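Novice: Okay, here's what each chain looks like letter by letter:
Protein chains: 2
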Amino acid sequence: MPLRELQYPTQPYSKVNRKKDRADYTLETIHRIVNSCPILHVSFQPPDSPFPAILPMIGQMGSFARPSADLGDVLDLYLHGYVSSRLMNLNRTSTSPEGLPVTIAASHVDGLVLSLTPNSHSYNYRSAVLFGHAQLVTDAAEKLYAMELITNGVVPGRWAGSRVPPNAAEMQSTSVLRVRIAAGSAKVRSGGPNDDRGDLEDEALLGRVWTGVVPVYTVMGEPVAGEYNRVGEVPGYLEDWRRETNKEAEEFAREAVAREGTSKKAAE
Amino acid sequence: MPLRELQYPTQPYSKVNRKKDRADYTLETIHRIVNSCPILHVSFQPPDSPFPAILPMIGQMGSFARPSADLGDVLDLYLHGYVSSRLMNLNRTSTSPEGLPVTIAASHVDGLVLSLTPNSHSYNYRSAVLFGHAQLVTDAAEKLYAMELITNGVVPGRWAGSRVPPNAAEMQSTSVLRVRIAAGSAKVRSGGPNDDRGDLEDEALLGRVWTGVVPVYTVMGEPVAGEYNRVGEVPGYLEDWRRETNKEAEEFAREAVAREGTSKKAAE
Numbered sequence: 001m002p003l004r005e006l007q008y009p010t011q012p013y014s015k016v017n018r019k020k021d022r023a024d025y026t027l028e029t030i031h032r033i034v035n036s037c038p039i040l041h042v043s044f045q046p047p048d049s050p051f052p053a054i055l056p057m058i059g060q061m062g063s064f065a066r067p068s069a070d071l072g073d074v075l076d077l078y079l080h081g082y083v084s085s086r087l088m089n090l091n092r093t094s095t096s097p098e099g100l101p102v103t104i105a106a107s108h109v110d111g112l113v114l115s116l117t118p119n120s121h122s123y124n125y126r127s128a129v130l131f132g133h134a135q136l137v138t139d140a141a142e143k144l145y146a147m148e149l150i151t152n153g154v155v156p157g158r159w160a161g162s163r164v165p166p167n168a169a170e171m172q173s174t175s176v177l178r179v180r181i182a183a184g185s186a187k188v189r190s191g192g193p194n195d196d197r198g199d200l201e202d203e204a205l206l207g208r209v210w211t212g213v214v215p216v217y218t219v220m221g222e223p224v225a226g227e228y229n230r231v232g233e234v235p236g237y238l239e240d241w242r243r244e245t246n247k248e249a250e251e252f253a254r255e256a257v258a259r260e261g262t263s264k265k266a267a268e
Numbered sequence: 001m002p003l004r005e006l007q008y009p010t011q012p013y014s015k016v017n018r019k020k021d022r023a024d025y026t027l028e029t030i031h032r033i034v035n036s037c038p039i040l041h042v043s044f045q046p047p048d049s050p051f052p053a054i055l056p057m058i059g060q061m062g063s064f065a066r067p068s069a070d071l072g073d074v075l076d077l078y079l080h081g082y083v084s085s086r087l088m089n090l091n092r093t094s095t096s097p098e099g100l101p102v103t104i105a106a107s108h109v110d111g112l113v114l115s116l117t118p119n120s121h122s123y124n125y126r127s128a129v130l131f132g133h134a135q136l137v138t139d140a141a142e143k144l145y146a147m148e149l150i151t152n153g154v155v156p157g158r159w160a161g162s163r164v165p166p167n168a169a170e171m172q173s174t175s176v177l178r179v180r181i182a183a184g185s186a187k188v189r190s191g192g193p194n195d196d197r198g199d200l201e202d203e204a205l206l207g208r209v210w211t212g213v214v215p216v217y218t219v220m221g222e223p224v225a226g227e228y229n230r231v232g233e234v235p236g237y238l239e240d241w242r243r244e245t246n247k248e249a250e251e252f253a254r255e256a257v258a259r260e261g262t263s264k265k266a267a268e
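The listed protein sequences derive, respectively, from chains A and B.
Residue numbers for the first sequence follow UniProt numbering, so the first one is 1 and each next one is one higher.
Residue numbers for the second sequence follow UniProt numbering, so the first one is 1 and each next one is one higher.
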């Protein structure tokens, strides 16, 4: 853990311009949002397309050089995904020594904030955006590190709980991208509804419209055994993780409602 | 409903190149994924940035010209979001008559597919990408239509259940983007684990590694009343919707495991 909280530099392309009190540039906050997000959205501009590309991918922050680094340290983002052939090809042919410029978004919805008027409705949310340069990982040891990191990022302990290490054909067919991060930002909203004074003084309105928050969270449901499963009991590492994750997710969403937050109108 | 299923044209930038059997270009499939996604990721390339921008936004597909159009019809995407000032400014200064080129992604995770080896692990998921040109909505009636569409997209019935219509200041301060869609694609994976023959013939491995699916779904939790709420009971439209949505979400994720799917290795 660094002695003081590290922050990403604010660049013109990464600076939060609206609702600045919701902005957070600390590495730990941003990395935590990314690592807990089951799907990341990775965007890049293909040279031959009128539109940017967006690919849903799986990824985790980590440090191959210093595997014991924690979330507040300088980390790389490792990405893996089925739908990445265009990105992989682009990366292979990229002439930039730094790699392909990519932007990665990670977003969690924590609640629907229902206030008196549609315009003051909001979400409680945590969102992070990272900007960096992506390169294919070619070193076998680093690729193996990233594959384990990403697998355990989906279910902690799953790597050791499955058939490892990957064989030569699997190592060959798996592409992993490493993104060196240039900048990043997070935006977080918590708290309850917040309405304008005019509406708050309208007694009839207050008596008619329910205001509050619907907490939103993701549940990891009861495991369903596959057709060729022969292991009678769902493994402990999976059930422990599921129980803990589900409990934390629900608590987080509920607690976000009361959390000293960024629900002040003045913050816009 | 059109007499036959409409499909988006496959463009070089929109074509699914890998795992093609998971691809779906029908408007209904794509629009359904977008409309049920609480957060959309909107990407565009700012002229002065080395990286594409990604903004998390709220949106719904609809047709102002024909409000009764259903999900399988030609629709526009209406977008609204706090963090959109850069996008709005770019759009205002865009010289393209068609509008700003944007790409929009909507992704749902339906399950963690845990197989024998990390390389055959997967997600059950539904993801959609739309490509189009964004323009600011300037017509007051269309803006009002979009605001109602988006509010009811978050909680059906909420528009009428809150203080409407928006006053002049609210209409003025709210920006809505309309995206005319040029192309789009969806990718859907369902089913159970699928491993290579070599692993399936390994008796010791089959006896050791649990294989199956952890269904993943989003829950709308117990509503938490806000500080100035005075309405005793949570409204029926909210509770009915919550109950139905939660039931459907869990069922969908569980049923995805058994659904005739795209889990065949041959499909790669």
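These are computed hints drawn from the structure, not numbers from a lab.
Some hints could be false.
Selected chain B positions facing chain A (Cβ under 10 Å, derived; list incomplete) [said to hold, decoys possible]:
hint, residue
1, PRO56
2, PRO67
3, ALA69
4, LEU71
5, TYR123
6, ASP199
7, GLY212
8, TYR228
Simulated coverage check for chain B against chain A, where a stretch passes if three residues somewhere in it have a Cβ under 8 Å from a Cβ of chain A [to be verified]:
hint, segment
9, 33-47
10, 72-80
11, 139-147
12, 168-181
13, 219-225
These numbers were taken from a predicted model, which means no experiment stands behind them.
We put the CB at the ideal spot given by N, CA and C, even for glycine.
Novice: Identify every previously stated hint that the structure contradicts and give their numbers, smallest first.
Specialist: 2, 3, 4, 10 and 11
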